[in-house]
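> Work out the full structure, taking the sequences as your base and the hints as a guide.
Be aware that the sequence shown starts at 1, since it is given in full-length UniProt numbering, and climbs by one per residue.
Keep in mind the hints are simulated off the structure, nothing from the lab. Mixed in with the good hints there might be a few duds.
In silico SDA-like cross-links for lysine to any residue, where the CA-CA straight-line distance does not exceed 20 Å [what the hints assert, rightly or not]:
1. K132 to Q94
2. K107 to R96
3. K129 to I75
4. K46 to I28
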Amino acid sequence: MGKIKSRRRTRIEIIQVLYKFELFNEPINLVEVFDNYDFLDQIQIKKIESISKNYNFLKTSLVSLVNQSWSWDRISPLTRAIIINGASECFYLQPRIVFNEAVEIAKLFFEPTEIKDENGEIINKHDSKQYKFVNAILQNFYKLLVNMEAKSSHENA
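Here is the structure:
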């Protein structure tokens, strides 16, 4: 019997797979995922399959939330993978859990690098704001889902 993975480990492994496809700007290939990522369990593969099926909706929705002067490709592939995974989790987990986990994972991968001036004073912390970006996008994505649901139920009433 295999070792039980923590939920965070499960998320990180899914993000690892998404990162590869985001890095190379390729669609998620489920055969490749099944063949090349033997550390994934059935639940993780099902989640990746769900993300793959809903990828266009997720990406289109997330792109609509990004500043107009930025393109999706300008965002780090790792950040995109974290956001895509978080957005997919918004459909079946409490938003607070989704936001917190995505932020904590972003903090794991984007440690701040301090940039100091000639006097040794910190003038910038490179990548220290990635987690804030992830949080803001996911919160706005969740609001978008709530608005879409309200609009849909209003139209069906």
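> Each hint needs a verdict: does it hold in this structure or not?
Status of the hints after comparison with the structure:
1. For the hint pairing K132 with Q94, the CA-to-CA distance comes to about 19 Å; that is within 20 Å, so the pair holds.
2. Only pairs whose Cα atoms come within 20 Å are accepted, and K107 paired with R96 is accepted, the gap being roughly 17 Å.
3. Simply put, K129 and I75 have alpha-carbon atoms about 13 Å apart, close enough for the 20 Å limit, and the pair holds.
4. Taking the CA atoms of K46 and I28, the gap is about 13 Å. The hint holds against a cut of 20 Å.
Of the numbered hints listed earlier, not one is contradicted by the structure.
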